[in-house]
Every structure is written in structure tokens, then in C-alpha cells.
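Keeping their order, the protein sequence lines are chains Z and Y.
Here my numbering is used: the first residue of the first sequence is 1, the next is one more, and so on.
Here my numbering is used: the first residue of the second sequence is 1001, the next is one more, and so on.
Incorrect hints may have been included.
With a Cα cut of at most 25 Å, we get these calculated BS3-like pairs of lysine-lysine [what the hints assert, rightly or not]: (1) Y:Lys-1028 - Z:Lys-421; (2) Y:Lys-1028 - Z:Lys-193; (3) Z:Lys-421 - Z:Lys-67.
Listed next, with one range per pair, are the computed distances between beta-carbon atoms [said to hold, decoys possible]: (4) Z:Glu-296 - Y:Ile-1002: 44 to 50 Å; (5) Z:His-37 - Y:Ile-1002: 35 to 41 Å; (6) Z:Glu-420 - Y:Gln-1023: 19 to 25 Å; (7) Y:Thr-1005 - Z:Asp-418: 40 to 46 Å; (8) Y:Tyr-1016 - Z:Tyr-345: 42 to 48 Å; (9) Z:Arg-310 - Y:Thr-1005: 38 to 44 Å; (10) Y:Lys-1028 - Z:Gly-46: 17 to 23 Å; (11) Z:Ala-331 - Y:Gln-1027: 44 to 50 Å; (12) Y:Lys-1028 - Z:Gly-152: 47 to 53 Å; (13) Y:Ile-1002 - Z:Asp-323: 41 to 47 Å.
Taking beta-carbon pairs under 7 Å as the criterion, some of the chain Z residues facing chain Y (in silico) [to be verified]: (14) Leu-4; (15) Leu-5; (16) Val-9; (17) Leu-11; (18) Phe-15; (19) Val-16; (20) Lys-125; (21) Trp-132; (22) Gly-136; (23) Val-195; (24) His-198.
These aren't lab readings, by the way, just hints derived from the structure by calculation.
Where a beta carbon is used, it is the ideal one built from N, C-alpha and C, also for glycine.
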Amino acid sequence: MSDLLLLGVFLCFLFVGIKYPIVAFCGYMWTDLITPHQITYGFLKGQKLSLILAVVAILSLILNFNKLQMPKAKAVFVMLIIFLLWIITSNTWAVFPVIASNKFDVVTKALFMATLMSLLVNTKKDFELMVWCIAGCLTFYMFSAGVKTLMGGGGYGARLVPASNNSGFSESSTLATIAVISMALYAGLFNVKGVMLHIKSRWLVAFGILLSFATVIGSTARTGLVAVAAFVFLKLKHKKNFIRNTVIVSSVVVLFLSFAPKDWLERMGGFSSPSTMLAESSRFITWQWAWDNTKEHPLGTGFRGFILNRGQLADYAPEYLADTYERKMYAYHNIFIEVLHTQGYPGIVIYLMLIYFIFKRLKLITSTTDDSWSVSMATMLSHVFVVYIVGGMFIGVAFNPLFFYFVVLVLGLSKIADNEKKL
Amino acid sequence: MIDITSLVLSQFFLVYLLYRYIQIANQKDENNDKDK
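Based on the sequences and whatever the hints tell you, model everything.
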């Protein structure tokens, strides 16, 4: 039955996308976020849905060539293209080319499609279609994971969402970060008078945020807690009555902690148990190794370069833990370390400049535009990126397609805000 | 059951979005035609 439902959605994106290229690209984005060919068990399993939608999207783009508009945020756009070109270049000297090929495939396609998509997000309806598509796709995960947690499920490593393995959004820490990003989206879209939708119901938004928060709890990932703290700080700092709101939030936290399950508290407390210390140390040790190893590969190792640390981490671990690390390898668990090691010094410079120009553009929009819609969307996106970066300090999501789709939204918003200024 | 419910709700929402997009796009096309 899920196959039929997903086939129906796929066909909607396909046929509508022939006339409206942004719809076809949103369909491609849908295959990236929902992964329909992986979550089903029937005839759709393993089918090349993204390939079909990509072909239709590009054909539709060519047929609607007159609708393309260059983004106003040229620095962001140029950095995006340079990042894509650098990734393609650095892959030629990848240390593990065969192992890297799958991730290289996913990332370059996502970047390529995001670059084209940024030429199509020109009006408020295009922007809202894209942002609500993202919100809808993430809600699929939040509803699944949130309801299961509220019914007593959860735990680190527990499969809260439909997925084939412990990767992507099904991985606990990534799911927790996505949950906080969902909170930022729901809160940002609430009561914004959009052209497509205008969600005025506080209860609906509160329910969405509750499910997202429940997902953070159910994932029992400390990453999520840090991301929630960052999000709460962002929401509080701009509001009047900062002290009153802080007291309310603190009271809610104390109340929650009084009723939270003991094993959840133990996981969050973390530092008192040796296994947690080990988990903590593995990230720090891996970061130290990656920092040093980049000197041997200044132009990057290509994707999955962390495999090089097998048997090397013992040199960075405390003596009493050397045996534990002797034969193990660990992934980066940090977006900046991941980019630094896989793409080298040029790569990390490009990535940091991309992030800098994104925040610069969003700040420009919030400070110079009178259009309240543009200001709301810019504020929402800045919160999303902050949460992404804070969560990304502990998970390797530097090249997740979702990040590039949010960059597309920034590029689209730059055009829309500029057009509003001219009116 | 929860996964199926989540899938149904989210996917119907996405289809509704497409319907709204077409509706607004057609409204804009009609307004442009009237201006001409």
C-alpha cells in the first residue's frame, strides 16, 4: 500500500513538474529526503525514481528557460559552484576512490541539482513550495519518531523512523538534529502570511514542535540536546521580556527533569560513566588525528578518508585506552573536520566562506527589507543554519543534501527580497 | 501502523501543496491575461 501511495506522489511530481520545473526539482528533493525507493518493500524498492525526476526536471528547465533568474546573492552562488567543482576535482586523488564513489555520487548530484534549482526559486510561491515540501518531508520523520517516543519507545540506536540501516536520518544523532531543524521550520512558518499557506493555529504548530521535541528525547542523543539549547537561546534572545521567558523555560526544564526517565538522564549526564567517556573521547581523538593527517593530505583525501585512521587512533588516545583504539576506526562526527579532511585546506576555506556569505546575506535581508514575509523567512533560515551548524559539531552531515537545499532557499530569498524592495 | 499513518499524512500534505501551487500559478496566469 505504501508503494502505491508513494507511486501516486511520484507521478504527481512528475506530471506537474513537466509544466513547472520547480515542482520537478522539489520532486527530486523529495526522493532525497524521503528516499521512497528505500523505505518501501514492494515494487518501488530500488527503482531509479530520482533519476527519472532528475531527467524530467532538467528537460522542464530547458523548456522553461525564460523563467530562470540568477540569484542576487552572487557570493553564495559562486561559492556553491566552486565547492561543487572542488569536490569533483579532489575526487580525482581520493585515497579510497571505490568506497568514496557512492557518497561522491550523492553529493555531486545534490549540489548540481541545488545549483540549477536556485535559478528557479524566483517568487514567494516557489519559495513556499520548496520550504513546505521540506517541512512536509521532515514531518514524516517527526510524526513517526515523535509518536513512538510518546508511546514509550526510543533509546540511542533505536529505529524510530522507517529506514534500511543506521544511516542518514535514521541515525540517532542526525535524527535529533533534524528534529530541532524541524522545530525551527515550524516556529518560523507559524503565522507568516504566505501566498500558499498561512498557518494560524498555535495548537498545530505546538503539536509539531512537541513531536519534534519528543523525537529529540526518543533519540537520546546528546547532540539533540545541544541543538535544542541553541534553538531556545535563538528564540529567546530576540524577544522582549528575555528574563521572564528565561525563567519560564528554566521552570519547564526543571519540571521535565523531575519526570524524565532515569536511563535518559544517565545518557544526558554522560560524563560519569566510562563508556560515555569513551564515546566522548573517540570524537576528540578522531578530530586530533584528522587535524594532523590533513598535513599529509593538504588537498584532501576524498570522501570516507576517515578509514585511514584504522589502527592510528591509539597514538592519540590516553595510554590506558590505547588497546581499545588499536584496531578501531571512527568517522569524523564534525562537519568542519569532515570537510577539512576530505576536501583539504582549500575545501574548508570554501565551506567557511559559503557559510559566512549565507549569514551575511540573511542579515542583509533582515536589516534592509521592509517586507515582513522576507524578514520572517530570513530569520527562520538563519535559525535553521545555526541549528545545523551546532548539531553538525557532533555529526558528519557536512555534505547532506538538506544543507544544500537550505542554501537554495537563501538564494531564492535573495531574489524575492530584492524584488520586494523595488516594488 | 504509526509509520503508515505518518506516511499517509505527510504525502497527502505534499500533494495538497502541489494543488495549491497549480491553483496560484493559474490565478496569476489569468490575471496576466486580463491585463493584456
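Hint check:
1. Taking the CA atoms of Y:Lys-1028 and Z:Lys-421, the gap is near 21 Å; set against the 25 Å cutoff, the hint holds.
2. Restraint check for Y:Lys-1028 and Z:Lys-193: the C-alpha separation of about 18 Å stays at or below 25 Å, so the hint holds.
3. The hinted pair formed by Z:Lys-421 and Z:Lys-67 meets the criterion: a straight-line CA distance of about 20 Å does not exceed 25 Å.
4. With their beta carbons about 48 Å apart, Z:Glu-296 and Y:Ile-1002 fall inside the hinted range of 44 to 50 Å.
5. For Z:His-37 and Y:Ile-1002, the hinted distance range of 35 to 41 Å is not satisfied, since their beta carbons lie about 21 Å from each other.
6. For the pair Z:Glu-420 and Y:Gln-1023, the beta carbons lie near 22 Å from each other, so the given range of 19 to 25 Å is met.
7. Hint check: Y:Thr-1005 to Z:Asp-418, Cβ distance near 42 Å, so the stated range 40 to 46 Å holds.
8. Distance hint check: the CB atoms of Y:Tyr-1016 and Z:Tyr-345 are about 47 Å apart, consistent with the given range 42 to 48 Å.
9. Hint check: Z:Arg-310 to Y:Thr-1005, Cβ distance near 43 Å, so the stated range 38 to 44 Å holds.
10. In this structure, Y:Lys-1028 and Z:Gly-46 break the distance hint of 17 to 23 Å, their C-beta atoms being roughly 39 Å apart.
11. Between Z:Ala-331 and Y:Gln-1027, the C-beta spacing of about 49 Å keeps the proposed range 44 to 50 Å intact.
12. The given range of 47 to 53 Å is respected by Y:Lys-1028 and Z:Gly-152, whose C-beta atoms sit roughly 49 Å from each other.
13. As the Cβ distance of Y:Ile-1002 to Z:Asp-323 is approximately 43 Å, the hint placing it in 41 to 47 Å holds.
14. For the restraint placing Z:Leu-4 at the interface with chain Y, the shortest Cβ-Cβ distance is roughly 11 Å, beyond the 7 Å limit, so the hint is violated.
15. Restraint check, Z:Leu-5 versus chain Y: the minimum CB separation of about 6 Å is within 7 Å; hint holds.
16. A hinted interface residue such as Z:Val-9 counts as satisfied when its beta carbon comes closer than 7 Å to some beta carbon of chain Y; here the least separation is about 5 Å, so the hint holds.
17. Because the beta carbon of Z:Leu-11 sits about 10 Å from the nearest beta carbon in chain Y, more than 7 Å, this interface hint is broken.
18. Contact between Z:Phe-15 and chain Y, as hinted, is not supported at the beta carbon level, the nearest pair being about 10 Å apart and thus beyond 7 Å.
19. For Z:Val-16, the interface hint holds, since its Cβ comes within 7 Å of a Cβ in chain Y; the closest pair sits about 5 Å apart.
20. Below 7 Å, beta-carbon pairs count as interface contacts, and Z:Lys-125 has one with chain Y at about 5 Å; its hint therefore holds.
21. A least Cβ separation of about 5 Å between Z:Trp-132 and chain Y falls short of the 7 Å threshold, and the interface hint therefore holds.
22. About 5 Å separates the beta-carbon of Z:Gly-136 from the nearest beta-carbon of chain Y, less than 7 Å, and the hint is met.
23. Given the 7 Å rule on beta carbons, the hint for Z:Val-195 holds: about 6 Å separates it from the nearest Cβ of chain Y.
24. Taking 7 Å as the C-beta cut-off, the interface hint given for Z:His-198 is violated, the closest approach to chain Y being about 11 Å.
Figure legend: structure checked against the earlier numbered hints; hints not met, in rising order: 5, 10, 14, 17, 18, 24.
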